[in-house]
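Asker: As you go down the protein sequences, you meet chains V and X in turn.
Take the first sequence: its position 145, counting from 1, is numbered 144 in numbering that gives the first Met the number 0, and each next residue is one higher.
Take the second sequence: its position 43, counting from 1, is numbered 42 in numbering that gives the first Met the number 0, and each next residue is one higher.
Calculated from the structure, these hints are not laboratory results.
There could be a bad hint or two in this list.
Chain copies aren't distinguished; within one or between two, either way the pair holds.
As a list, the in silico DSS-like pairs of lysine-lysine whose alpha-carbon atoms are at most 27 angstroms apart [to be verified]:
1) Lys152 with Lys72
2) Lys152 with Lys188
3) Lys144 with Lys188
4) Lys72 with Lys188
5) Lys121 with Lys72
6) Lys49 with Lys188
7) Lys121 with Lys188
8) Lys144 with Lys72
9) Lys49 with Lys121
10) Lys310 with Lys72
11) Lys144 with Lys310
12) Lys188 with Lys310
13) Lys188 with Lys25
14) Lys49 with Lys310
15) Lys49 with Lys25
16) Lys144 with Lys49
17) Lys310 with Lys25
18) Lys152 with Lys49
Model, not experiment: these values are computed from the prediction.
Listed here are the chains, written in short residue letters.
Number of protein chains: 2
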Amino acid sequence: MPEEKLRRQRTGRANSSPTLEDVAQKAGVSTATVSRCLNAPARVSEATRKQVLEAVNQLGYAPNFGARALAAKRTDTFGAIIPTMENAIFARGLQAFQEELEQNGITLLVSSSSYSPQLEEKQVHALIARGADALLLIGHDRTPKSYDLLESKGIPHVIAWSIAHDVPRTSIGFDNRNAMKTLALEVLKLGHRDLAVISAPREGNDRARERCQGVADALIQFGLRPTDLPIIETPYSISNGAEAFQTLVSSGNRPTAVLCGNDVLAAGAISRARELGLRVPDDISITGFDDIEIAQIVSPGLTTVHVPHRKMGIHAARLLIAMRNGEYGDAPAESLELQVTITWRGSLGPVPLRNA
Amino acid sequence: MPEEKLRRQRTGRANSSPTLEDVAQKAGVSTATVSRCLNAPARVSEATRKQVLEAVNQLGYAPNFGARALAAKRTDTFGAIIPTMENAIFARGLQAFQEELEQNGITLLVSSSSYSPQLEEKQVHALIARGADALLLIGHDRTPKSYDLLESKGIPHVIAWSIAHDVPRTSIGFDNRNAMKTLALEVLKLGHRDLAVISAPREGNDRARERCQGVADALIQFGLRPTDLPIIETPYSISNGAEAFQTLVSSGNRPTAVLCGNDVLAAGAISRARELGLRVPDDISITGFDDIEIAQIVSPGLTTVHVPHRKMGIHAARLLIAMRNGEYGDAPAESLELQVTITWRGSLGPVPLRNA
DNA sequence: TGAGAAAATGTAAGCGCTTACATTTCATCC
DNA sequence: GGATGAAATGTAAGCGCTTACATTTTCTCA
């Protein structure tokens, strides 16, 4: 069959990848057989299967993903868009998510939105174009268009790291507001009355918003005015946490407890506290959120909200796979709320005597 | 043109994505024009362009990536395989890499190999099948087959985080061995003679191997026997660093300085030191490698090797883009060696008096 | 005003794969 | 031994896009 050779010469693509046809030729069978051999080995006789695999190996053949997706209308690829890869907040959950997918023969494509809904919208678009069968998203804040895209294409998606009782969307996560409220109540019980918060920018980040509200809820419960609560917004990073902390303590009325929106900010705060000669928690208490590894190694250890990251990732994967397989039909899959707990370490203590 | 409608009815795929043809129909032009509109707007008249974009918007059209790649033989997608996403070691460099790519209209696909060459080989395969135009890899250790794959398909690739003078492969990174030697020399100059190393498993990880060799080099230069050097191998994680540290100090002859293969291990070591009541650096010195954020927030701060992560990422991107564009022809692109420096913080001090 | 060039658009042939359907092969049984 | 059906294999039609080439429209200028 000189046709094949002709094509090669014509296009002049010397060292391009071998195709199904090349394999078929080498093995002396049709392309259909090769394809079956790769996708449904049972439907091919032992003998030919061996020949074909031999040819595959010799040629170093790798099926062209795009062509396969085009023909099969399935990619076995899921996408995940997380706000950042710069720190470990999402790492553990994502790792678990991906492990679970892999066990089911699904590849994960990850991209990060830098906490920008606009960027996220582009990524949704890109992942859909790439044929993602389903998507994992973080939190509820995003552009309406992102949702439109998902819906009009009928792409299964679940929202993690957050749970909303009032929206008809499948999510798997925890109640950020309540979690933070619980922690803030503990702080208040220890006698603190001058709280302050270091939060991520709340715009476009419902987790951050809810956590702040949680603190407010606790204040109200103690009969305090939430409007008095100083809140500094700054992107998640250790150095930003440190800066924000310094700003807080050098302001007129220094708080006795600083609640941070996550562990990364809190780690920055703790480290700056030491540099400023403030003892934690004797002079000032600091709390975090997430319970990532960093919470253990700062000194003192961070009292923080423990989030079941791996559990969340695994369940998200299973849920998404079930949705993709149509196991829920048209009914929306049920959301799953996970429980969080408080991990006590050394950074939260009673209010200093002079402030009591 | 009722053909299109027929197809839809026939296949019954009600809410599948709109195709180029749908857009063309709606805009009353040919598919070619729509395609041009999207890829080479200059070749289309103002008026039609508007109509087409209108149709695109109304339909929420997203070009099918697989089909495009198939037809255009280009994906504008690069791949990166990093050993782990679990901690921040590669995060900053990768972020910079991806930013630089994005500015050039290139999408980045990331996957992680869990430090396993076998897994990495699979990922190379997968990324090639997905049509990655070029690949970023970490370090030189990988299966021969991985290299074969890359070479036979003619996929441009650069190796980062490591530099090898004796292989004809384009790499961009630093001399791990020499960097670690420099640090170890500083340790020795401070009077330490009982060193120990906590390293990542050296098998399949040339960076880890070279760093250990660097310590040995320094010992030799001081006339000491490198064979006496205790080395504990353990995967990068804070808790593993802590465990390894405890093992070292509770062994018969406790070292006066522990050199860690990276900052994550070192952070674990420092935190365990405190738990064990050992003062750093008064009782024992600890050093790291990488200078990631964590190095600043442990107490005392980590004396470590500063690696120019962002610079490495940016240069890797530029190099890879140039290679993809054929700017180097068949000649291998030149490797780039970056310089590292030592960042002094508090964790390295003079040898304790009783050991001097 | 009309010939010729330039610009805009259309036509249709694939890209590499899957899969419905058609055909061949082969074991089975009366 | 030949009809029968199951198993194995082949044939060929797309999947949604790009792009070389053909055709039409528009512009330019003598």
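Asker: Could you figure out if Lys121 and Lys188 sit no more than 27 angstroms apart (CA to CA) within one copy, between two copies, both or neither?
Answerer: neither (45 angstroms within a copy, 54 angstroms between copies)
Asker: Within a copy, between copies, both or neither: where do Lys144 and Lys72 come within 27 angstroms Cα-Cα?
Answerer: The answer is within: 24 angstroms in one copy meets 27 angstroms, while 30 angstroms across copies does not.
Asker: Evaluate Lys310 and Lys72 at a C-alpha cut-off of 27 angstroms and name the case that applies: within, between, both or neither.
Answerer: neither (31 angstroms within a copy, 41 angstroms between copies)
Asker: What label fits Lys152 with Lys72 when the C-alpha limit is 27 angstroms: within, between, both, or neither?
Answerer: both (13 angstroms within a copy, 26 angstroms between copies)
Asker: Up to 27 angstroms between alpha-carbons, please classify Lys144 paired with Lys49: within, between, both or neither.
Answerer: between (50 angstroms within a copy, 21 angstroms between copies)
Asker: How do Lys152 and Lys188 come out at 27 angstroms by Cα distance, when the copy is not named: within, between, both, or neither?
Answerer: neither (50 angstroms within a copy, 65 angstroms between copies)
Asker: Is it within, between, both or neither when you check Lys188 against Lys310 at 27 angstroms Cα-Cα?
Answerer: neither (30 angstroms within a copy, 48 angstroms between copies)
Asker: Given a CA cutoff of 27 angstroms, do Lys121 and Lys72 count as a within-copy pair, a between-copy pair, both, or neither?
Answerer: both (22 angstroms within a copy, 23 angstroms between copies)
Asker: Evaluate Lys49 and Lys188 at a C-alpha cut-off of 27 angstroms and name the case that applies: within, between, both or neither.
Answerer: neither (71 angstroms within a copy, 63 angstroms between copies)
Asker: How would you label the pair Lys49, Lys121 (within, between, both, or neither) given a Cα cut-off of 27 angstroms?
Answerer: Classified as between: cross-chain Cα gap 21 angstroms, same-chain 45 angstroms, threshold 27 angstroms.
Asker: Between the shortest in-copy and the shortest cross-copy C-alpha distance, which are at most 27 angstroms for Lys49 and Lys25: within, between, both, or neither?
Answerer: within (12 angstroms within a copy, 50 angstroms between copies)
Asker: Should Lys49 paired with Lys310 be assigned to within, between, both, or neither, using CA atoms and 27 angstroms as the limit?
Answerer: Neither, since 41 angstroms and 48 angstroms both go past 27 angstroms.
Of the hints listed earlier, those the structure fails to meet are numbers 2, 3, 4, 6, 7, 10, 11, 12, 13, 14, 17, in rising order.
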